[in-house]
Amino acid sequence: MLVGATALAVLGVTSVTTVACGTAPPPPDLDDLTTALDRARADSRLATDAAAASRGSAVDALTAIAAERSAHAEALSEEILRMTGHAAPTTSVTASATTSAAATSAPGPDPTADDVIGALRASADSATRAAAALTGYRAGLLGSIAAACTAAYTVALTPAAGVR
Amino acid sequence: MTSPAPATPTRPSGAADGALFDAIATEHATIYGYGIVSAHSKPEVNYLVSEAIAEHRTRREAAIVMLEEHGVDVPLPAAGYRLPMEVDTPTEAVNLAVTMEQDGATAWRAVVEQATDQTVRAFGVTALTESAVTAARWRSVRGDTAITVAFPGGTE
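Protein sequences appear in the order of chains A and B. So in the numbering used here, spot 21 of the first sequence is number 34, and the numbers just go up one at a time. So in the numbering used here, spot 13 of the second sequence is number 17, and the numbers just go up one at a time.
Hints in this document: simulated from the structure, not taken from any laboratory. Each hint should be verified, as a subset may be incorrect.
[What the hints assert, rightly or not] Pairwise CB distance ranges (calculated):
{"no.": "1", "chain 1": "B", "residue 1": "62", "chain 2": "A", "residue 2": "80", "range": "29 to 39 Å"}
{"no.": "2", "chain 1": "B", "residue 1": "54", "chain 2": "A", "residue 2": "68", "range": "50 to 60 Å"}
{"no.": "3", "chain 1": "B", "residue 1": "18", "chain 2": "A", "residue 2": "135", "range": "30 to 40 Å"}
{"no.": "4", "chain 1": "B", "residue 1": "65", "chain 2": "A", "residue 2": "99", "range": "40 to 50 Å"}
[What the hints assert, rightly or not] Here are some chain B residues the structure puts well away from chain A; computed CB gaps all over 12 Å:
{"no.": "5", "residue": "81"}
{"no.": "6", "residue": "83"}
{"no.": "7", "residue": "91"}
{"no.": "8", "residue": "92"}
{"no.": "9", "residue": "138"}
{"no.": "10", "residue": "154"}
Note that beta-carbon positions come from the ideal geometry of N, C-alpha and C, so glycine has one too.
Chain B on its own, in the form it takes in the complex (with noise of 0.2 Å):
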């Protein structure tokens, strides 16, 4: 009982910053939601595979330092995570990958409508358009007839 427990930071209350935590722990789920379609991935897509972790891991560590800025206790990656879907073929991991750039495109958008600092709001509005535009790539990857959304994130 006298042993602390590692402190799990908690959402904060204000819109604005809990649109943004929000926003941090997707980004912890897409990174590690990736690793699982990098497995099950054809190595015909591994650029594409490459490109997204890589963007997910800079917005994160951008994201970390503008929520650390506000004096706020950022969210900590979840030791794992329950997949939306089951993800044993590369069709399923691609699905996989669809479902997190659209989910971070929500999330984002969250973050955009939300911020009160323009600052934070046009991070926010990049991070929408670099989600539209990888769901965009993996949905091409996929063969599908409409690879675009009219308002991605949105729900018009």
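Next up, chain A with everything else stripped away, as it sits in the complex (with noise of 0.2 Å):
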């Protein structure tokens, strides 16, 4: 009986806290999830439209590239499932108005592997942060995504890298 009633007292304060600090500084590991869900997404678009648009071996680059965001889309989806119950959306609202636009719907010219660079780098960046502030798992799970898109943008999509 003790042990229940302290048990529920915790809990009750945990929750009050988390509601009241609504500027609590560290964001919820589900935030870090869905953002890197939705930089995946978006750049296993982008590569698949610039493979698209692209010729001679940057095209098998690419694609390699979309398959890999999407492999890392799927599994942040599975942990956000584990995490909370429910799936993720399908498509993210902040995601498909601001990635959709520069990515797919845009009438401008196509994306290139300039662009597809430029997306990986900021993806990597932001895994980066990620995987450092998450623990367990989730912080592996972040940190081999940040190591898979800069071995992509450096090496898969600069050749020159590998070899001299």
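With the hints as a guide, bring both chains together as one complex.
In structure tokens, the structure reads:
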């Protein structure tokens, strides 16, 4: 009985703190995972579009990157499902507003490998920061995603980095 | 019986320090292995051998300092290592390099997951990333079609 009451009291304090501290500095894990998911989906679309507009060996590299970023999105979705008990939205509102305008719907020029390099660099930086802030499996997952994005833009899309 | 045997540091029981201990031991093995890679590589890839060895030495020294700051005895290099594969040709040397970088990525991802100290975790993320990049460079040298992997150091 006493144990139960203590646990309830602690839970109560925790939830009050969470609700009351609207400006708590450490972002919840879910924010980091959702941001990473949005970025993975957007990068995958961007790389797919860039591959369609490219020729030669860049096509294979961009297609491989699109598949890797899609795999990242899948792993992140699974982790969000584990964490929250329900699936992440198929398309995030904020992400679709910005990325589809930039990557797919915009009537501007087709995206290039350089656009993908820029997007991957930003995603790698974001995942690196998130990995350091998270713990356990989530930190490891974000760390691998940061590593994959970095290898993709520094080596796969920059062949001179691998062979001199 | 009275002469003390040289103390062989044992792996710390804590998960965080244990993972860092393992990663340092992996770096010892990798630095040894790059000696074999260097001996059998073509001269054209000397730049990559040198850069990789320098990267691993720098990383190992920094990791040793971190583990010592935790009051833990660091692992010592072994007198010799059994290679995971036979290495007699330049192609086999590249294969060993790729394997070692992949093993390094696995060891550093474990550090990232187990770390309780944010400095160690951030160091692990950098090490994981560098391992993935160097692995990709070696796969590029090998002429692989797929030179990157989706989850370096992971099993997803």
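Legend entry - Hints not upheld, ascending by number: Violated: hints 2, 9 and 10.
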